[in-house]
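*Asks:* Residue numbers (numbering that gives the first Met the number 0), protein chains in the order written: chain R, 0 to 594; chain U, 0 to 291.
Everything labelled a hint here was simulated from the structure, so no lab data went into it. Where hints are given, some of them may not hold.
Said to hold, decoys possible - Examples of chain U residues lying across from chain R (beta carbon under 7 Å, computed):
# : residue
1 : Glu181
2 : Leu184
3 : Ala185
4 : Glu197
5 : Asn201
6 : Gly204
7 : Pro205
Stated by the list, open to error - Covered stretches of chain R, going by a simulated chain U footprint (3 or more residues, C-beta under 8 Å):
#  : stretch
8  : 64–78
9  : 409–416
10 : 424–435
Cβ coordinates follow ideal geometry from the N, Cα and C atoms, glycine included.
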Amino acid sequence: MTEPLLKVTDLRVLAPTGGAIIEDLSLSVRHGEILGLVGESGSGKTTVALALLGLTRRGARIAGGSVRVDRDELIGRSEKELRRLRGRVVSYVPQEPGVALNPAIRVGSLIRELAQLHRPDLDPDVTVRAVLDRAQLPSDDDFTRRFPHQLSGGQQQRLAIAMAVVCEPKLIVLDEPTTGLDVVTQRRILDEVKRLRDELDTSMVYVSHDLAVVAAIADRIAVMYAGRLVEEGPSHATITEPHHPYTQGLVSSIPDHAVPRRLAGIPGVAVGVGDRPAGCAFAPRCMLKTPACEVETPALERVGPASLVRCLRWRETPAVAVQLRIPQEGRDGQALLGIEELRAGYRGRSGLVLAAESVSFSVASAECVALVGESGSGKTTIARCIVGLHRPDSGRVLLDRAPLPAVAKDRSPDSRRRVQIVFQNPYESLNPRHRVEDALSWAARRLRGIGRNEARRDVELMLEHVRLPRSIAARYPTELSGGERQRVAIARALVAHPDLLVCDEVTSALDVSVQAAVLDLLCGLQRDLGLAMLFITHDLGLVASVADRVVVLERGVICESGTVRKVLASPAHEYTQNLVKAAPHLPAGSAARSP
Amino acid sequence: MQAVAVTEAIRHRKGFRLPRFLRRKSVRVAFGVLVVMLLVAFAGPFVTPRSPTALVGPPFADPSGAFPLGTDYIGEDVLSRCLAGGSLLVLYAALATAIAYIIGGAVGLLAGYSRSVIDPILMRIVDLLLAFPAIFLVLILAARYGSGADIVIIGIAFIHIPLIARIIRTATLETSVRGYVEAALARGDSTVAILYREILPNIAGPLSADAGPRLTTSILLIAALNFLGVGLAPPAPSWAGMINENIGGIALNPWAVVAPAVLIAVLTVSINVVADGIARSFGHSTEEVIRR
Chain R
0 MTEPLLKVTD LRVLAPTGGA IIEDLSLSVR HGEILGLVGE SGSGKTTVAL
50 ALLGLTRRGA RIAGGSVRVD RDELIGRSEK ELRRLRGRVV SYVPQEPGVA
100 LNPAIRVGSL IRELAQLHRP DLDPDVTVRA VLDRAQLPSD DDFTRRFPHQ
150 LSGGQQQRLA IAMAVVCEPK LIVLDEPTTG LDVVTQRRIL DEVKRLRDEL
200 DTSMVYVSHD LAVVAAIADR IAVMYAGRLV EEGPSHATIT EPHHPYTQGL
250 VSSIPDHAVP RRLAGIPGVA VGVGDRPAGC AFAPRCMLKT PACEVETPAL
300 ERVGPASLVR CLRWRETPAV AVQLRIPQEG RDGQALLGIE ELRAGYRGRS
350 GLVLAAESVS FSVASAECVA LVGESGSGKT TIARCIVGLH RPDSGRVLLD
400 RAPLPAVAKD RSPDSRRRVQ IVFQNPYESL NPRHRVEDAL SWAARRLRGI
450 GRNEARRDVE LMLEHVRLPR SIAARYPTEL SGGERQRVAI ARALVAHPDL
500 LVCDEVTSAL DVSVQAAVLD LLCGLQRDLG LAMLFITHDL GLVASVADRV
550 VVLERGVICE SGTVRKVLAS PAHEYTQNLV KAAPHLPAGS AARSP
Chain U
0 MQAVAVTEAI RHRKGFRLPR FLRRKSVRVA FGVLVVMLLV AFAGPFVTPR
50 SPTALVGPPF ADPSGAFPLG TDYIGEDVLS RCLAGGSLLV LYAALATAIA
100 YIIGGAVGLL AGYSRSVIDP ILMRIVDLLL AFPAIFLVLI LAARYGSGAD
150 IVIIGIAFIH IPLIARIIRT ATLETSVRGY VEAALARGDS TVAILYREIL
200 PNIAGPLSAD AGPRLTTSIL LIAALNFLGV GLAPPAPSWA GMINENIGGI
250 ALNPWAVVAP AVLIAVLTVS INVVADGIAR SFGHSTEEVI RR
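Excised from the complex, chain R in its bound form (with noise of 0.2 Å):
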């Protein structure tokens, strides 16, 4: 076998308080191959990405270890020879490109200026052209003048993403390129990334929360927690049959739209690097651990003939179980939401922008229908329409066939009780000022004018309800983690005693095996109290998981709608078509396997 390109031994990096952020990380990728690097939020993969460049967060230093690229040893090196190798070595693709690109130099200069630092021998207007060409962008000279701002995101990541390969380096390390693009986009990228491997034989590192993205474009997969490396092995293995109770944890709980099943997740909370246990960190939420697991850190073991796994357990590991589910279709009860030829939108600077235009749908109660679209579908206006947050155009918003006012304020108080809202952003959802107890029974007595000790009875209630301690009545929001403060939030909205729930993307800023929690619990509030849901999501897979029927939007308008299975299965609009080609999903050796 011949030497691997990058080969990264024992890499130690520790944080500005001395705690270990990445302990004794070793992996290697071959020439021309693609590792998925894939870890939950605080695992370490942005800082095991930044330190294959030789750099690191501020005030964090690399404490031992190798980092080799091709003959290369990253490690050590001074600044000033680090820089001669980055771009033409090892390359970045940062996460946000419109951060990273620099918003006051233009299109064409940015390129130029790369191109004279690393190749000065070409003429740079060629390197323009030729960067321009490969990102399949406009190579005219009204596109070379514009402003990184005035790049679309899927532009800013491809324009990123070429100037990486500009001069043609043996690695290049890809840190979330996809993050916070429409699937369509990220689709167009993933393929980009494939085609620039086939084309140049370079090695990648893809880094990423989204294991259906990696299993999509990596040959291997190397999953972290909590800084260490707990499974390798090669793509399509590590995802039908993972090792690691973690891995199989967290393909459980990703959304297929390919194949509607019940998410499992991962109870609690993946452990920061600061408070990392004694023993496997993943000990606390594993439903295999013994005491051995709390004292001793295991080793990676040999597993396969080239899977590597970090468990003492690894045999017991069950198999990924799929847990299929049966949409609920035909409940022709009556419609207790309705809405009717809704138009609205926003007063920009040129005038009127419509969000949402003849838009005309109904929820029944007890019913879950999916509001899908891309950003910028107006999809979150619908929402803000339907709780009198928006004043929309024209058209009307019916509860229970009745006209509902357009603003909060002018409806009937138990109008506004009947119809709650959970919103995107957990973090700025609930006031960082009150406790989760005042939180919740002030939300009972304004909308269901009860006293402060029915109050507080019923505030324990909904905490049971959404599976949390008691203990967290007195907490502050910023105590909590995210899917913590999403429950609180879900449970402020349930103390109302709510006939529908409109759930505007409420898992887009949680961990996946968190984000499967959060649905598990939604649904099953659902189906407990017969509540209506309109969920609002831009991802397919969310859809199956939860919805009975489907309404999707493409810049404000509806374009198809139907059963959840109808439309995944043989979507009629080619807007859909589109979406749900798109839509990554795990390979069917997974699915295959039922319970």
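Guided by the hints, dock chain U onto chain R, whose structure is given.
*Replies:* Below, chain U without anything else, positioned relative to chain R:
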């Protein structure tokens, strides 16, 4: 360091919960000092050994048994004037700052939250006020309405109002687009309830960080106006005025200048540390507060 001992003693008493901002040691020390300074300022006038306005000896006499801090430029007792000269200074500064916060705060909240034509109108008025040189504003007022204490207080308040209104407006703008404000709107909460429950607690941090320097500025402004003969005019004793009166004799009896200067310095520094401590207890270091 008696003050520290007192606050430490309070801290260790059983069943007493220390306010959050006092959990940092530096703030506890400053708080203790501040309490002592306020005691000196407000109880001082009642315990002066001599009348603060009586001529009791030769000018600029050295400290002695009779005059522990010597005498000033016309032969008044420096110690007595120090004890008597804090109350009005602190009172006026506090009043001016409080009035400024009430008016400026209301303007800022209204402008920041309204999202209507009220905002630009209020802000242009604020800009107009801002365009006047600060001291000049008070002098004009004094020239027109006389140099009484009320004019000084109102004048200083008006110096602060535009800046406070701007800070509060910006903080309100930022806060009023948060999800919890939206949630309150969807609940149908009244504007007053939203401002009071959702917005005010969240802008209290930047507000209290700003309040310390502002109170200090008020004290210094009163001192400056004093120098120009507006407000606390001689022979009434005031720490700020004492520095001006006695600066010529600093070589003869330095205490007549140093003592009031030290009093002002200690007062303003302790105010700032306490205000900063309050701001921290609200703001960025919440986690730190929790961990203890």
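*Asks:* Tell me, which hint numbers fail for this structure?
*Replies:* 6, 7, 8
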